[in-house]
Amino acid sequence: MITIIFYILAAITLASGLLTVLSKNPVHSAIYMIVCFFSIAGHFLMLNAQFLSVIHIIVYTGAIMILLLFTLMLMNLNEQHEPVKKVASRIAATVSACLMVVLLLGAFLKATPTIEAYKAAEIDFQSVKVIGDVILNEYLVPFEFTSVLLIAAMIGAVLVSKRENKA
Amino acid sequence: MNIAIILLILLAGSLVTYFSGNRFASKVAMLFAIAAAAFSISLLLEYQSTGATSYSIEWISKPNIAFSLKVDGLSLVMLLLNSLLLPIIMLTSISHTVKSERILYSLVLFMSFAMTGVFLSSNALVYYVFWEMSLIPIYFIVVLWGNGERAKRRRSAMTFFIYTFAGSLFMLAAIIYMYVKVGSLELHDIYNANLSHTEQIWIFLAFFLAYAIKIPVFPFHTWQASVYQKAPIMGTLLLGALMSKMGLYSVIRWQLPVTPYAAHELRSLVLILSIIGVLYGAIIALRQDNLKRFFAYASLSHVGFIAAGVYALTYDGLQGAVILILAHGFGIIGLFFSAEVIHRRLKTPLISKMGGIKSSAPKFTIAFFFMILASIAIPLTFNFVGEFTIMYGVYQVHLGYLLPLGASMFLGAFFMLRMYQYVMLGDKINRSFPDLTINETLVFVLSAVVLIFFGIYSKPIVDIISPSLQELMTYINR
Amino acid sequence: METGLILLLLIFPLAGFLINLFVGKKLGKTLPGLIATAAVTGSFVITLIYFIKIVSTGQAIHVHLFEWVSFSDFKANFELVLDQLSLIWLMFVTGIGALIHLYSIGYMKGDENIDRFFSYLNLFIFFMIILVTANNLAIMFIGWEGVGLCSYLLIGFWYKNHKFNDAAKKAFIMNRIGDLGFLTGVFTLGYIFKTIDFDSLKLAVTTTSNLEVSGLLGLGTLCLFIGAMGKSAQIPLYTWLPDAMAGPTPVSALIHAATMVTAGIFMITRLNFIFNLTPDVQLFIAIIGAVTALFAASIGIFQTDIKKVLAYSTVSQLGLMFLAIGLGAYHVAVFHVITHAFFKACLFLGSGSVIHAMGGEQDMRKMGGLRKVLPITFATFFISTLSISGIPPFAGFFSKDEIMVVAFENNIGLWVLAALASLMTAFYMFRALFLTFNKGFRGTEEQKHHLHESPFVMTLPLIILAVLATIGGLISLPFGYSWLNEYLSPILVAGVPAEHGATSHQFMLIGISVLIALIGLAIAYYQYIVKSVVPEEDDKITGFAKVAYNKYYIDEIYDTLFVKPFYVLANFFKNIVENIMNAIVFGFGYLIAALSIPLRAIQNGSIGLYLFFFVIGFCSIVAYLFFV
Amino acid sequence: MHDILEQVGINNYIYLSALLFCVGVLGMLYRRSTIVMLMSVELMLAAANMLLAVFSVYHQDASAQVFVIFSMAVAAAEVAVGLAILVAIFRNIGSIDIDNLKNLKG
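Protein sequence lines correspond, in order, to chains R, C, X and P. If you want the numbering used here, it's the 1-based position in the first sequence plus 1. If you want the numbering used here, it's the 1-based position in the second sequence plus 1. If you want the numbering used here, it's the 1-based position in the third sequence plus 1. If you want the numbering used here, it's the 1-based position in the fourth sequence plus 341.
If we strip away everything but chain R, and leave its shape as in the complex, we get (with noise of 0.2 Å):
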């Protein structure tokens, strides 16, 4: 019955990434984009790890995709259909995105790495104590840092985007 679930899920996330690729209009790739996340955030689920897939949900779904969106709107590209890359480069592309899966799982397949069974931990590894215990012991420098980085970025997005204000 899981793996029923995990097909389907699997179907949604893969249908769904295709469509943001393939789709005309900006703004229909950026929803389907977020079908596509919420399919990963129910992959975490499935795989108990909660703490991940709401945090997924809320960076990814709430924050980047809405900042797409907002972006997309504020250069209004929703209505008109972009111009279509030449057929050339679309086939070229097409073909070595097969030609990378072809690779990737060749070299999975031929690498045959042995998988030993799965030790089941006896406390809950994936709780949000447990996790939140281990961001804010070992990992504490790392935590601290991606504030830094969180703040450069926000700082270097305003600057960016700032019109110059032309004497």
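No lab work stands behind these hints, which were simulated from the structure alone. Hints may contain errors.
Unchecked claim - Reference excerpt, derived from the structure (chain P facing chain X, CB under 10 Å, subset only):
1) Val-366
2) Met-369
3) Leu-370
4) Arg-373
5) Thr-375
6) Met-378
7) Ile-439
8) Leu-442
Stated by the list, open to error - Derived lysine-lysine pairs resembling DSSO-like cross-links, with alpha carbons at most 30 Å apart:
9) C:Lys-460 with X:Lys-76
10) X:Lys-164 with X:Lys-30
11) C:Lys-364 with X:Lys-164
12) X:Lys-449 with X:Lys-373
13) X:Lys-27 with C:Lys-364
14) X:Lys-532 with X:Lys-440
15) X:Lys-110 with X:Lys-373
16) X:Lys-110 with X:Lys-161
17) C:Lys-348 with X:Lys-161
18) C:Lys-364 with X:Lys-161
19) X:Lys-164 with X:Lys-547
20) X:Lys-547 with X:Lys-565
21) X:Lys-575 with C:Lys-348
22) C:Lys-153 with X:Lys-575
23) X:Lys-203 with C:Lys-460
24) C:Lys-354 with X:Lys-575
25) C:Lys-28 with C:Lys-364
26) C:Lys-354 with X:Lys-26
27) X:Lys-195 with C:Lys-460
In this text, a Cβ means the ideal position worked out from N, Cα and C, and glycines have one as well.
Keeping the supplied structure of chain R fixed, place chains C, X and P upon it in accordance with the hints.
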């Protein structure tokens, strides 16, 4: 006595001259040159008492490269040539002020430092470092102080630099290969490394390319004439008298003993190339109008002669080659300096505009004529002893090689005397031609004395070089 | 004491050279001449001392100075030897040298760089002494090239005229071609016998006798003969001698008549024990000698310049000497060298004093009737002409007759050539005599009253030489009374054939050679005295005379065959080969530049393309890592 | 639910994330408008995060999940700055079509 001191003297000299003002630059440089000469003579005395000495300190640990120098008969003689010629080279333009002299003299001293390094080093990589280092100063000397139009001068200097540099890259490849194969770059390890035949052929060719460009040997000589012509007098003398000798010395020291089988195998090819060079230089000189370019081709012919001596792989060939290296070093100084003397007075380098100098400058005529006699190897000159021995060395290889080589005797006489006639003889020219000043006479007298003394009594030189040449011959014929 | 005196022999001329060269200008006009003559006379006195000593003791003297050049196989030490051969040569080199120095004091009086002239003359004597007294081939080579150098300096003495410079350059280059042959010969001998000293060579020759050696030995002797050809102006390499007349006359007398040109004969006589081993090379020498004698004589007949006539006669007489050497009669050749030195020097000096009197005019068509004005010159010239034509009892008759006898006994064909040559010699010598001294004066008025007999300092050498030319024959009379033969016997390994009594055919031969000389005289007398013919001007000569007058155009042939190709080749090298080489070298530069253009197109700024390459790159890395 | 990996098996997850990643790559090459390219970058990042999470579950170790969180932070920062640049480009050039942003020529 530590050999490295001479390197220190020259390096220190180069730095000090750089920082001394333009007025004193030439005097300071001359002081250091004479100090270096004195030291090398003390090395000579020490060599005679104790024989070959060497000096080595650890330089790089990972690829174990030791900064090792060695003074045996051959390198001592080359060192003497270098350090005795340096003061004379400086003497040629000490009275002739140029712009920013201190840089020029410091470059000259630096060049001499690099060349002394080449002659002394007995570790392949150290040798290669000094080999490349010597290229840099001569490039700047030619570009900054050369004559002729700036763009052309830069172009020929650049051709020379890249041409020589490209050649020596092949040598670097060979050195690296040898390090990989032999495990150490010390001279005696490389000599005793028994490389396979094919390896030897490839290494021989790699070395040959680098040295053929430097000497220069026939197909690789295109850079030579224009650089000799465009360089200032000190640059031409450094190039002609010393730098070509670096190539020849390296053939004897680094190429033949390391790859004896290949040397014997490719002997006919290399001999033919050098002999073509001899005849080519002699014949093309007939049609040169620029005097310095004329002497450049004459030097090409003589240097080809030495190369033929070296590549004959006989003991006489080698001994003759080393003698002729020394003789040509002093002889070519006289020739190029005469061109400079004429250029300073008549302000034109073209033979067609010269003539009748003999009647207005007797002292210069005697000096110039003696230098011509030395260059066409009249007996009782040092050049003759060299050429005589080389011809016998080449004769032992095959008579067929001796005849074209011997042809350079009368071809040399042909183009030299023809030039002498157009430059010096004929009726009096209208322009004034003041005779030699003291400095100029001193240059001629010094080189003439050396050429005559060793022309008559060349035994001391032969005694110094014969032990190390015997040893090299044992390697070459193994 | 021994070495000191012999060294002095060398030092005198060297000192004379150095003094005159460096200090000459300050010594005024006459002092250089005196110093030079004193130096050479000094050497002559020393030679005389040793000559007398060796005649009595017959004991050669060796002097070892120091080691000069050392090879792997042998050493060349700076050694001198005074034995019979070198002393006889020294006698007439320094003797005639001194006379000529004395003569040139008068002849060169007006010249402004007279000091340089005497310094070169002394340098020449110095090198000639080294050549003659050398104990091995390397030292002989020093003298060999040294005299070539001095002949260059002296021929081109009046350097203002480019024709003289060309003549000097030509002489030097042709000599050096010969020297190349000489060197190859020296190397071959050194290579075979592992030594180049004469006495050890003589020893080695007797010991090594395997066949292989003779093949190489033949080559060695042939090359040595090429060297002799260059120096003594034989057939292929003789054209420099007539042009060498551009030098002052004393130079022609000393170098191109008496001393330098005999160097070739000296060398072959010195190495007679080697040349005897290669009979075919000897035959070759004889043939070359005879042909040169005839060829040069035929040109001499038509020349109008008095010095050119004497130059060709020298080439012809040298041919006769080489004929004698080729037939193995070294002592006859040496005898002819001595007598030739006497009368040829006298002839040259005589023509010198004629030219001196005529104010530099050398063309015989402009002379005539000088008999009364220059009596001493005429007398000495007349004696020498008699001597050279072979009229008894003069010296020339005895030496030429010996050659005729040797030629007759060995090779009739060559004897015929020699006879013809001596007939022509008699004819053109008397022609020269009559044209210059008899009949009316054909010169310009201004020359006429300028005519005067040469000063005593010039006529004294003439007289001495004329006397020597007459009594010279005594040193080697036919029919066994030859002092010279047994004097030279220790030198010649084959020894001198015992002089048999007066055989019948010898009388007949003497008769024939005298007859030839008289016929020559008669034809000349008839032509130039009875019919008083005067050779036409240059442009009107026709037919064979024109060809012979222009030296069979040999010079022009040499020029186009040998000299022009070098210039053509030089042009070819300069314009074509150099450009090709440059093109190749700079070609690499342009090649790289050309290659870079397509590469530049790839970076055209389209980000899509970069991304595409990015993905392709990633894929290839993964592929390589996992699948290769 | 922890036994999900036994049933589904980690291979499938790897295939899934690989496929998703390649869809992202396709998006990058296929589309002309820069914003969609940004989105496909996000897709690729999400694929990688997913695989990280799967392996963290596989190893029962929380540090991988922490890493996912950090990568999300970075992704957010990246999108913010990317969009800012896009806005600036749009204002200057008037279009954010990848093909006519060609002035950085070689």
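Hints, one by one, checked against the model:
1. Val-366: Status holds, d = 6 Å.
2. Met-369: holds, 6 Å
3. Leu-370: holds, 6 Å
4. Arg-373: The hint holds - P:Arg-373 has a Cβ within 10 Å of chain X, the shortest such distance being about 8 Å.
5. Thr-375: Hint holds; P:Thr-375 Cβ to chain X Cβ min 9 Å, cut 10 Å.
6. Met-378: holds, 8 Å
7. Ile-439: holds, 6 Å
8. Leu-442: holds, 6 Å
9. C:Lys-460 with X:Lys-76: holds, 11 Å
10. X:Lys-164 with X:Lys-30: Answer holds: X:Lys-164 to X:Lys-30 is near 27 Å, not above 30 Å.
11. C:Lys-364 with X:Lys-164: holds, 24 Å
12. X:Lys-449 with X:Lys-373: holds, 12 Å
13. X:Lys-27 with C:Lys-364: Holds - the C-alpha atoms of C:Lys-364 and X:Lys-27 are around 14 Å apart, at most 30 Å.
14. X:Lys-532 with X:Lys-440: Between X:Lys-532 and X:Lys-440 the Cα gap is close to 11 Å, so the pair holds against 30 Å.
15. X:Lys-110 with X:Lys-373: holds, 24 Å
16. X:Lys-110 with X:Lys-161: Roughly 18 Å separates the two Cα atoms, so the pair holds.
17. C:Lys-348 with X:Lys-161: holds, 23 Å
18. C:Lys-364 with X:Lys-161: Distance of about 18 Å is within 30 Å: holds.
19. X:Lys-164 with X:Lys-547: holds, 22 Å
20. X:Lys-547 with X:Lys-565: holds, 24 Å
21. X:Lys-575 with C:Lys-348: holds, 25 Å
22. C:Lys-153 with X:Lys-575: Holds. C:Lys-153 to X:Lys-575 sits at ~19 Å (cutoff 30 Å).
23. X:Lys-203 with C:Lys-460: It holds: about 27 Å lies between the C-alpha atoms, which stays within 30 Å.
24. C:Lys-354 with X:Lys-575: holds, 20 Å
25. C:Lys-28 with C:Lys-364: holds, 26 Å
26. C:Lys-354 with X:Lys-26: With a Cα-Cα distance of about 29 Å, the restraint between C:Lys-354 and X:Lys-26 holds, given a limit of 30 Å.
27. X:Lys-195 with C:Lys-460: holds, 20 Å
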